[in-house]
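*Asks:* Quick note on numbering: numbering that gives the first Met the number 0 labels position 209 of the sequence shown as 208, and the sequence is numbered without any gaps.
These are computed hints drawn from the structure, not numbers from a lab.
Treat the hints with care, as some may be off.
FRET-style restraints, in silico, Cβ to Cβ [as the list claims (entries may be wrong)]: (1) Asn-367 - Gly-310: 55 to 61 Å; (2) Gly-175 - Asn-292: 30 to 36 Å; (3) Val-281 - Tyr-40: 54 to 60 Å; (4) Thr-354 - Ser-391: 41 to 47 Å; (5) Asn-229 - Val-281: 50 to 56 Å; (6) Glu-282 - Gln-64: 32 to 38 Å; (7) Thr-401 - Tyr-173: 48 to 54 Å; (8) Asn-367 - Glu-224: 31 to 37 Å; (9) Ile-284 - Asn-69: 38 to 44 Å; (10) Trp-141 - Asn-317: 31 to 37 Å; (11) His-76 - Pro-285: 53 to 59 Å; (12) Gly-175 - Gln-64: 28 to 34 Å; (13) Asp-398 - Lys-289: 57 to 63 Å.
From the three backbone atoms N, C-alpha and C, an ideal C-beta is built for every residue, glycine too.
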Amino acid sequence: MVKNYFRVKNIFNYIGSLCLITASSSAAAFYDAYPESEEPYISGPASKNLQWLGEDFSSYIDGQQLECSNNKNARDHFDVTSGCLQAKYVDSWKLGWTDDKVFRVVAIGKDSNGSEIKYTDQTNQYRAYIKTWKNSGSIPAWSGLHAFARYQTSDDLYVGSIRYDGNVTIKVKYQGAYTTLAQTKLTNGVKNYLNTQGKLAAGQWYDIHFSVVGNKLTLALDGVELLSVNNDLLTEGTIGIRTDNLSAYLDDWQLLPSDSIVVDPPTDPEIPTDPETPAEVVEFIPGKTKVINGDVYSYDGQCYQAKNNPGSWEVPSNASWFWVAVECVDNPSPPIDPELPTEPVPPTDPLPPTTAVEFIPGSTKVNNGDTVTYNNICYKAKNSPGSWETPSANSWFWDVVTCP
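Use the sequences and the hints to build the structure in full.
*Replies:* See the structure below:
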């Protein structure tokens, strides 16, 4: 088995060199994943011999600060180049957490001989749960969730983006300049991705796969291919994650072989609940209260959630364009009628003993060829299923087999 790990890279201080830029030269990139001082490097596609199994945040304690860009020696298996990454428990889930205006992390892998890898064909996969958007009312259109591929420096990379304005893009950044290679509008499909204002919705998971094979770049969301385009500018590099103007949970970050892009929608993990105590509802006072979109206010014995940037004189009402009536946090729930008893379900015959491991969604880690049991049926793993790829007869990740 190849041992995979990361090495912290150097952030170059290039501010002074900006004054020296001429038409025939350019400033050094802010971040270089493969500096000449650390050569030689090896090159090849992501595979069993050149792999990195990723980060699932299961080995940290709740609230642990993993690494910040201003303290890069805190951890040696990933490299945060902007913002901070923290471990956070939500109910039974162990997740990553970022609350920075700009968050960026880059993966650097080595093989068992200590040689650093420039990956050619690769798939960058991660899950993100958008908790909230930041800078309400002035969120830039390009904000959102981004996946890097063939990342060489902060000036040379491919990026697939799921954006706040509802657009999906694939771009190349070459020698510091971005070029849009492909773009489309995100539509509601597997989920309702867009809110009522046509913006990328918070409060749900997004499963992003960005694959680069040869000169073909493919971006998929929740198992559905959204964009595909050809480009030859970059031939190798690493993967990374970037988020802009949002708070997000992260999970299941992996560098996968190039043929591992999902073609069927995965099963979503349970949406995490907020462990924090809800803030007290503020009373709306006409002419005085300064309102923030999304916040809840009480007025005349009812509660309303703000939208469309109401002013201090936009009095809450059911007919207002600026307000939506919601249930007050402290309102008692109406009594629920008791359910009538139902006939007991007759017991099913037990299955004969099996050596297959029981598959538990979100917990069980499997390798290709492993046999698991789920809902009293046995399945053999294929195509590198994740812990949330629930076994089923029609899944691309599983074959139904006889229990051993």
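*Asks:* Work down the list of hints and note, for each, if the structure agrees.
*Replies:* Against the structure, the hints:
Checked against the hint of 55 to 61 Å, the C-beta distance between Asn-367 and Gly-310 comes to roughly 59 Å, which is consistent with it. Between Gly-175 and Asn-292 the CB atoms are about 35 Å apart, so this pair conforms to the stated range of 30 to 36 Å. The hinted range of 54 to 60 Å is satisfied by Val-281 and Tyr-40, whose Cβ atoms lie roughly 56 Å apart. Thr-354 and Ser-391 have their C-beta atoms about 21 Å apart, which leaves the hinted 41 to 47 Å range violated.
Between Asn-229 and Val-281 the Cβ separation comes to about 53 Å, which falls inside the hinted range of 50 to 56 Å. For Glu-282 and Gln-64, the Cβ-Cβ distance of about 37 Å falls inside the hinted range of 32 to 38 Å, so the restraint holds. Here the CB-CB span from Thr-401 to Tyr-173 is close to 53 Å, well matched to the stated 48 to 54 Å. Range check, Asn-367 to Glu-224: about 22 Å between beta-carbon atoms, so the 31 to 37 Å window is missed.
Distance hint for Ile-284 and Asn-69: a CB-CB separation of about 42 Å, consistent with the stated range 38 to 44 Å. The given range of 31 to 37 Å is respected by Trp-141 and Asn-317, whose C-beta atoms sit roughly 36 Å from each other. For His-76 and Pro-285, the hinted distance range of 53 to 59 Å is satisfied, since their beta carbons lie about 55 Å from each other. For Gly-175 and Gln-64, the Cβ-Cβ distance of about 31 Å falls inside the hinted range of 28 to 34 Å, so the restraint holds.
Checked against the hint of 57 to 63 Å, the C-beta distance between Asp-398 and Lys-289 comes to roughly 59 Å, which is consistent with it.
In terms of the numbered hints stated before, the structure departs from hints 4, 8, listed from lowest to highest.
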